[in-house]
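Taken in sequence, the protein lines are chains A and B. Here the first sequence is numbered in our numbering, starting from 1 and rising by one per residue. Here the second sequence is numbered in our numbering, starting from 1 and rising by one per residue.
Incorrect hints may appear among the rest.
[Unchecked claim] Only part of the chain B face toward chain A is listed, based on derived beta-carbon distances under 8 Å: (1) Pro80; (2) Val127; (3) Ala134; (4) Ser153; (5) Leu154; (6) Ala199; (7) Leu202; (8) Tyr203; (9) Ser204; (10) Gly267; (11) Met321.
In case anyone wonders, no lab produced these hints; they're calculated from the structure. The structure displayed is predicted, hence computed values, not measured ones. Virtual Cβ for every residue (Gly too), placed ideally from N, Cα, C.
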Amino acid sequence: MNYWLTQLLNGLSFSAILYLIAIGLTLIMGVMRVVNLMHGSGYLLGAYVALTVINKTDSFLLGIAAAILVGVAVACLIFALLQRVGTDLNRQAVLTFAFVFIIADVSLKLFGGGTLQIPIPSFLQGSVHLLGISYPVYRLAMIGIVAIVAFALFMIERKTLWGALVRAVADNRQMAAGLGRNPMFIALGTFILGIVLAFMGGVLGAGVFGAFPGADIQFLVLGLVIVVLGGMGSINGSLLAAVAVGLVSTLTKAIGPSIGDMSIFVLLITVLAFRPHGLLGRVA
Amino acid sequence: MNVQSETVTRPKEDVANQPPRLSFINRGNTSSIIIAVFVLVFAVGVPMLSPYYVAAAGKMVAYAIVAMGASIIIQHANLPSIGHGAFFGIAAYSVGLFMLRGSLPVIPALLLTLVVTAVAALLIGVVALRTRAAYFMMITLAVGQLLTSIASSLTEITGGDNGLSGIPLAEIGPFELVDPTHFFAVGMIILIAVMIGMAIFLYSPFGYALRSLRHDDRRARSLGVKPLRVRLIAFVISAIVTGLGGSLYTLHVGFADPSLLSANASGAIFLMVVLASRFGIFGPIIGAFVIEFISLIIGGYTTYSQLILGIVALLAALFWMESENKTTSSRRAPMFRKRERVKHVKQ
């Protein structure tokens, strides 16, 4: 019983990181109609940048700040390149996948092939007793932070002007432009937000799951699975699917390591067979 | 209205209403003919080079077959699959397992492998083909990568991350596939067969039906084309050709590992097709040659082959590739119809 409670919390903390990755993919997909294939590389880059800064300065907060800065810079660069490429899906895919190759190879040369973990800040070390089990504070903090982020994003999307603009651009770009709003700025803002969230996923996640070559593709694919499962452009769907994928993969891995990935595969195929547009997706 | 426009006359036979000529040698296929000639020169010229280059050329040819297979879906059906590495890998593992565990001879093992690949494509296709464009890309990428992790976790069957090694030496007729020159010869024969097959296939009624689905299902449906069925058949054929290339490659190197199915491998195959798709139906061969040249020859001199591949892809996306909506108008049009010529009669 206690074992399963631990696994449940492990699953939720994995879901938390997955949500940070997937929500960016969903937002970028919805507003810009771009499949950002370098999104998983954002996880890797965020983790490596934060790790470098933390090792140099011993400050977790500076690490986060550095990751945000680099994230904004990378997002602006790729956004500018995407403008040149235009709306063609194949070109966007080649462009963003090019960054997967480049970032993977450069970080392999700089950081080696091993798994690197970000040292957990001292105030989040240790574990607490909770419902009869002892559980690491850091993982609980991960769940808490991401829950706040998810709630904030939900409120921004529903209740603020910025959220309304994002929805407007996602629904009808020309109409939004006709109302006197520049869709380009909204798209850029969304793109930066999405990439920075992926970087934050890397900073938070690398303390537990580590940063290693292949993490980029792993998180990209899990992110894509979540977007597909949740329904294209659905923020609530992404949350639901992130929790589902995190729990299913962690719990089945607890039963048998080899069925962990197979279970996600089965989940994806089953959902798509009955709901081709995802759990909460709208039929286009 | 001015008098000029009324004096415009059409040529006697109405070109636009004639059925398209169902022949390969047609206007607009100049680049295909140039590539075909290049492939023949390549076939004759490469064996004169040193064995190192012949070995690399053999692998390039195997990937050219793979890219030709993938182009049916990516280029001609306009469905951006970043999951064709899965079919490469499935074929690689099945041919290895049939020969290693099943102790089958080469030809039956190859045939069974193609059946296995076709069944896998059917199952994946039924789910993935209900979607279009970006959604299709995401699903194929995810399915391919999930199959990679499954291949590396089923240690008892596939050998896990260490890969499947010790696949018996294969001989097809007088050719030993381990030998670079023999492998190059076999690969070349199959590549030329695939090229001829593609030229016939794409100019058959089915090929036209497939291309009619590129942009608009409704128009094609009104002509009696069944979209899902046509796409599914094309998907299976595409997987079979890809699997053929993959199994040949595996028989040559005698080894299969999970990275064959990975998103990186699928991304490279996707690149091979889209980089050179503007060269017409044989374009993917050039794409495969270029990409494999980068990873084999340049990769032999430096450890940065992935980085170079990334930079090539980046430059291609920015400066080389054409947007789809541009290409629908004039460049590829001769495949469908002849351009209407309007004669201006001067008075």
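Given proline 80 (chain B) as an interface hint, is the shortest Cβ-Cβ distance to chain A below 8 Å?
6 Å, holds
Double-check alanine 199 (chain B) for me: the hint is only fine if its C-beta lies closer than 8 Å to a C-beta in chain A.
23 Å, violated
Would the stated hint for tyrosine 203 (chain B) survive a check requiring a Cβ distance to chain A of less than 8 Å?
The hint is violated - tyrosine 203 (chain B) has no Cβ within 8 Å of chain A, the shortest such distance being about 24 Å.
With a cut-off of 8 Å on the beta carbons, see whether alanine 134 (chain B) makes it to chain A.
Holds: closest Cβ of chain A sits about 5 Å from alanine 134 (chain B), inside 8 Å.
For the restraint on leucine 154 (chain B), tell me whether the closest CB of chain A is nearer than 8 Å.
It holds, given that the least Cβ distance between leucine 154 (chain B) and chain A is near 6 Å, below 8 Å.
Let me know if the C-beta of methionine 321 (chain B) comes in closer than 8 Å to any C-beta of chain A, holds or violated.
5 Å, holds
Can we keep the leucine 202 (chain B) interface hint, with Cβ of chain A closer than 8 Å?
Violated: closest Cβ of chain A sits about 19 Å from leucine 202 (chain B), beyond 8 Å.
Can you verify the interface hint for serine 153 (chain B): is its Cβ closer than 8 Å to any Cβ in chain A?
4 Å, holds
Proposed interface contact between valine 127 (chain B) and chain A, which counts if any beta carbon pair is under 8 Å:
Since chain A brings a Cβ to about 5 Å from valine 127 (chain B), closer than 8 Å, the hint holds.
Given serine 204 (chain B) as an interface hint, is the shortest Cβ-Cβ distance to chain A below 8 Å?
Hint on serine 204 (chain B): violated, closest Cβ of chain A at ~25 Å, above 8 Å.
Closer than 8 Å between Cβ atoms is the bar; does glycine 267 (chain B) clear it against chain A? Give me holds or violated.
5 Å, holds
In summary, the numbered hints that this structure violates are 6, 7, 8 and 9.
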